[in-house]
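Throw the hints in and build the complete structure from the sequences for me.
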Amino acid sequence: MDESGFEAFYRESRDGCFRAVIVAVADSVEAEDLLAEAYTRCLESWPKVRSHPAPAAWVVTVAMNLHRDRWRKARRSVRSLFTADAPGFLPMPIEADLLAAIRSLPEQQRRVVACRIILDLDTSQTADALGIAPGTVTTHLHRALSALRNELSKERVS
Amino acid sequence: MNDLIEFEDVIAELRDGLHDVRFDREPPTRRSNVRRMAWVPAVAAGLVVAFVALSPGLGDGIAWAAVARSTTPDEQAWITEDCAESLATTPGNWPDVLPQLMTSEVRGNTATLNFAGNGWFVTCVVAGLTANDGYEPGLSVVTMGYDHELSDGNDDLRFNVLGLAPDPIDGPEGIEASTFITGTVSDDVAAVLIEVPGLGEVEATVANGWFTAWWPSRQPFVLRALASGGTPITEVTPS
Numbered sequence: 001m002d003e004s005g006f007e008a009f010y011r012e013s014r015d016g017c018f019r020a021v022i023v024a025v026a027d028s029v030e031a032e033d034l035l036a037e038a039y040t041r042c043l044e045s046w047p048k049v050r051s052h053p054a055p056a057a058w059v060v061t062v063a064m065n066l067h068r069d070r071w072r073k074a075r076r077s078v079r080s081l082f083t084a085d086a087p088g089f090l091p092m093p094i095e096a097d098l099l100a101a102i103r104s105l106p107e108q109q110r111r112v113v114a115c116r117i118i119l120d121l122d123t124s125q126t127a128d129a130l131g132i133a134p135g136t137v138t139t140h141l142h143r144a145l146s147a148l149r150n151e152l153s154k155e156r157v158s
Numbered sequence: 159m160n161d162l163i164e165f166e167d168v169i170a171e172l173r174d175g176l177h178d179v180r181f182d183r184e185p186p187t188r189r190s191n192v193r194r195m196a197w198v199p200a201v202a203a204g205l206v207v208a209f210v211a212l213s214p215g216l217g218d219g220i221a222w223a224a225v226a227r228s229t230t231p232d233e234q235a236w237i238t239e240d241c242a243e244s245l246a247t248t249p250g251n252w253p254d255v256l257p258q259l260m261t262s263e264v265r266g267n268t269a270t271l272n273f274a275g276n277g278w279f280v281t282c283v284v285a286g287l288t289a290n291d292g293y294e295p296g297l298s299v300v301t302m303g304y305d306h307e308l309s310d311g312n313d314d315l316r317f318n319v320l321g322l323a324p325d326p327i328d329g330p331e332g333i334e335a336s337t338f339i340t341g342t343v344s345d346d347v348a349a350v351l352i353e354v355p356g357l358g359e360v361e362a363t364v365a366n367g368w369f370t371a372w373w374p375s376r377q378p379f380v381l382r383a384l385a386s387g388g389t390p391i392t393e394v395t396p397s
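Respectively, the protein sequence lines represent chains V and W. Heads up, the first sequence is in our numbering, so the first residue is 1 and it goes up one at a time. Heads up, the second sequence is in our numbering, so the first residue is 159 and it goes up one at a time.
Don't read these hints as lab results, they were simulated from the structure. Glycine included, every Cβ here is placed at the ideal spot set by N, Cα and C. Just so you know, not all the hints are guaranteed correct.
Some but not every residue of chain W turned toward chain V, in silico, with C-beta under 7 angstroms [unchecked claim]:
hint, residue
1, F165
2, V168
3, I169
4, G175
5, V179
6, R180
7, F181
8, P185
9, P186
Over the 10 angstroms line for every Cβ pair with chain W, so calculated as not near, a few chain V residues [stated by the list, open to error]:
hint, residue
10, V29
11, R50
12, P53
13, A54
14, R103
15, S104
16, P106
17, Q108
18, S124
19, Q125
20, A127
21, I132
22, A133
23, T139
24, S146
25, K154
Straight-line Cα separation of at most 20 angstroms, SDA-like style, residue types lysine to any residue; simulated pairs [what the hints assert, rightly or not]:
hint, chain 1, residue 1, chain 2, residue 2
26, V, K48, W, A235
27, V, K154, W, T187
28, V, K48, W, T187
29, V, K154, W, R173
30, V, K48, W, T230
31, V, K48, V, E37
Below, the structure is given as structure tokens:
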């Protein structure tokens with residue numbers, strides 16, 4: 001199989017994709033596993049993915065879909081006992097306050113923020129990636145950013 | 159981003175908070191494309207059933223259809239090739255050349271191709287035909303049998319029923335158990351309709367003396383064979 005260009009794409013996109021998946025699943029440990037699997041699938045489908053209009057969005061979408069897999073959800077539940085109840089037990093790459101604010105958002109809002117703000121896709125690309133209407137993207141995004149602002153200001157006050 | 163100017167403070171805080179996040183793993187390497195088994199047979203009388211791959215659900219986000227569409231030439235070509243490869247690795251004393259293609263159809267996100275000739279038949283099913291979860295679509299189920307093993311029905315409609323249920327461990331979530339039917343029709347039969355409680359009338363694909371259909375239910379059903387003018391020929395309730 002022709003893998004040319006994959007490694008360059010991987011090195012260029014991996015940090016941004018990781019940030020997006022963290023936001024989408026609100027769990028940095030889970031995000032790392034999901035993204036590793038998503039990139040493996042990306043490599044296996046590289047001849048197809050390389051011609052995708054937004055390959056990074058493809059990777060993040062695969063990671064988000066994997067997140068919905070029952071088995072992974074079960075693993076996450078077990079692991080979150082450690083991350084939620086004993087902060088610091090596992091190293092966290094982002095501030096706990098920010099992660100808590102992200103976790104307060106519904107899943108679909110997190111996915112929209114991940115694509116629109118972190119991956120910097122436009123509304124139409126985000127709608128395509130998530131399989132929802134552009135108007136729904138806009139609505140979720142505004143609600144998510146408003147909620148994040150409230151959560152973060154609460155954290156600052158406390 | 160002009161429409162988000164009112165949120166630029168939140169966006170900046172979010173991006174700043176993630177700025178130092180790095181994904182430090184080495185690039186992945188290719189692995190064998192092993193797919194987990196996702197379905198188990200519920201009924202498979204008289205058939206050899208091989209689960210050669212796995213896939214997402216049979217519907218997989220694309221609505222199941224009571225009337226099937228035809229496979230495209232590309233779909234037909236690669237499924238036939240995969241089916242022939244699978245045949246070569248399936249245990250048993252089977253002929254090593256795939257017989258002639260008799261019926262092919264797509265319902266929802268699942269393609270079913272039925273090959274038959276010289277007294278035996280092979281049915282290949284591909285679920286997740288347009289999967290977008292990163293897996294390439296691949297064969298999910300292959301069934302094989304001899305014509306004389308088509309055990310149910312009468313001279314106008316003779317068939318076997320294969321029931322599938324999601325694997326309780328690795329099977330897809332939210333997917334109903336399903337029924338596949340494959341069989342032969344007499345020369346007089348032009349259409350086969352299947353009455354399924356809750357789904358209504360399912361129109362089987364009929365061609366070259368064979369018929370095929372599947373539907374997302376394991377409810378008891380009734381088959382009706384019709385002549386070209388719509389005249390009823392026979393009605394069968396599977397045993």
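Tested hints:
no., hint, verdict
1, F165, "holds (4 angstroms)"
2, V168, "holds (5 angstroms)"
3, I169, "holds (6 angstroms)"
4, G175, "holds (4 angstroms)"
5, V179, "holds (5 angstroms)"
6, R180, "holds (5 angstroms)"
7, F181, "holds (4 angstroms)"
8, P185, "holds (5 angstroms)"
9, P186, "holds (4 angstroms)"
10, V29, "holds (13 angstroms)"
11, R50, "holds (14 angstroms)"
12, P53, "holds (14 angstroms)"
13, A54, "holds (13 angstroms)"
14, R103, "holds (13 angstroms)"
15, S104, "holds (13 angstroms)"
16, P106, "holds (16 angstroms)"
17, Q108, "holds (16 angstroms)"
18, S124, "holds (13 angstroms)"
19, Q125, "holds (13 angstroms)"
20, A127, "holds (14 angstroms)"
21, I132, "holds (13 angstroms)"
22, A133, "holds (16 angstroms)"
23, T139, "holds (12 angstroms)"
24, S146, "violated (8 angstroms)"
25, K154, "holds (13 angstroms)"
26, K48(V) <-> A235(W), "holds (18 angstroms)"
27, K154(V) <-> T187(W), "violated (44 angstroms)"
28, K48(V) <-> T187(W), "holds (17 angstroms)"
29, K154(V) <-> R173(W), "holds (19 angstroms)"
30, K48(V) <-> T230(W), "holds (19 angstroms)"
31, K48(V) <-> E37(V), "holds (17 angstroms)"
Hint violations for this structure: numbers 24, 27, all remaining hints satisfied.
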